[in-house]
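Peer 1: With chain E held as given, fit chain Y onto it using these hints.
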Amino acid sequence: MNRVEIYRGWCKQCGICIAFCPHQVLEADDSGYPVVRNPEKCTGCLLCEMRCPDFAIVVNKDEESREETGSPAGK
Amino acid sequence: MREAEHLVHKYLRSSKRFPHIWCSGCGIGIFMQALVRVIDQSEYSKDDIVLISGIGCSGRLPVYVDFNTLHTTHGRALTFATGIKLANPRLKVITVMGDGDAVAIGGNHFIHAARRNVEIASFILNNNVYGMTGGQSSPTTPHGAITASAPYGNIEPDFDICRLAEAAGAVLVARSTVYHTRLLERLIGMALKKKGFSVLEVVSQCTTYTGRFLQLNSPVEMLKWQKDNAITVEKAKQLSDTELEGKIVIGVLVNRERPNYHEQYQSLLGKKSKV
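Same order as they appear, the protein sequences are chains E and Y. Just so it is clear: in the first sequence, position 72 is 287 by the numbering used here, and no numbers are missing. Just so it is clear: in the second sequence, position 166 is 170 by the numbering used here, and no numbers are missing.
If you're looking for bench data, these hints aren't it; they were derived computationally from the structure. All figures in this text were calculated on a predicted structure; none of them were measured in a lab. Backbone N, C-alpha and C define an ideal beta-carbon position, used for all residues, glycine too. Warning: the hint list may mix true and false statements.
[Stated by the list, open to error] Not the full set, but computed from the structure, chain Y residues with beta-carbon under 7 Å of chain E: (1) I34; (2) F84; (3) N112; (4) T185.
This is chain E alone, in the form it adopts within the complex:
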């Protein structure tokens, strides 16, 4: 399973990762920080990571899903 990690120290709670995740993997906590609610739904598309203006979210893809999508940035 892909593992989504959030680096809270750098996050500015803009909400972009939560709003544009195609599979609603993330949710906002009471302070507006993203938290991983549905990790099993993550397809490893990396859109949250690529659109994070603060480099505060990382998707660690497992080997199988990396081969499926063939994303050049999935290393």
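Peer 2: Chain Y only, in chain E's frame:
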């Protein structure tokens, strides 16, 4: 929790403080990440790259990344870039400018760098406003928009940066938004490969000023606005000018070949030494 290992982290200057200074949801960080990703996948090492900026929010970008970097005076990124490319053609010269930096105070340098066709990949982060100084109108602020310097609406028409670049002679002219990150990466890659003056307009969001003036009250609403208003070059060809009003045409607008300045300069030096 284990500390995140982000691709961008490898390219950041560890001496700088993070989080960076840009506002919550600012598009500059999204562009910076895309640029670093493309360079990471390319043949260029950190030492091959020279990243140059002028003044403004975008001017902070070279401060954070560990390439050869210059933070120059307002509007003068392209003049420094031209000098560097002529002095050492081996280097990959990149400029990052804002809309005010590139087409207002630096407008003259912009058109002449394009006319000369110096090999520079120039990225213009267009947020339609002077963000750093408090939200004044810039040359790309839309007509009628409310800004700090135009409280009753902007009475000036706005520049189309891409048309300006095309008319001035740029060999690659393209546009993307920061929402369209995959397209953004593809176009950054094309601009880096082009052996001449390339211009990529990156439609970005100033969440602090433009957002407030347009009554788009969050970074998410501003990205949705980019998503809803963007239209590809191919689709745009089938629409009239009236239908295209308010749309953001994204993709490659111009891709042509022309002799570039520094190669002609080098061959001139070769001829002169034979005389």
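Peer 1: Give a verdict on every hint.
Peer 2: Hints and how they fare:
1. I34: This hint holds: I34 (chain Y) lies near chain E, its Cβ roughly 5 Å from the closest one there, short of 7 Å.
2. F84: With Cβ-Cβ at 27 Å, over 7 Å, it is violated.
3. N112: violated (31 Å)
4. T185: holds (4 Å)
Figure legend: structure checked against the earlier numbered hints; hints not met, in rising order: 2 and 3.
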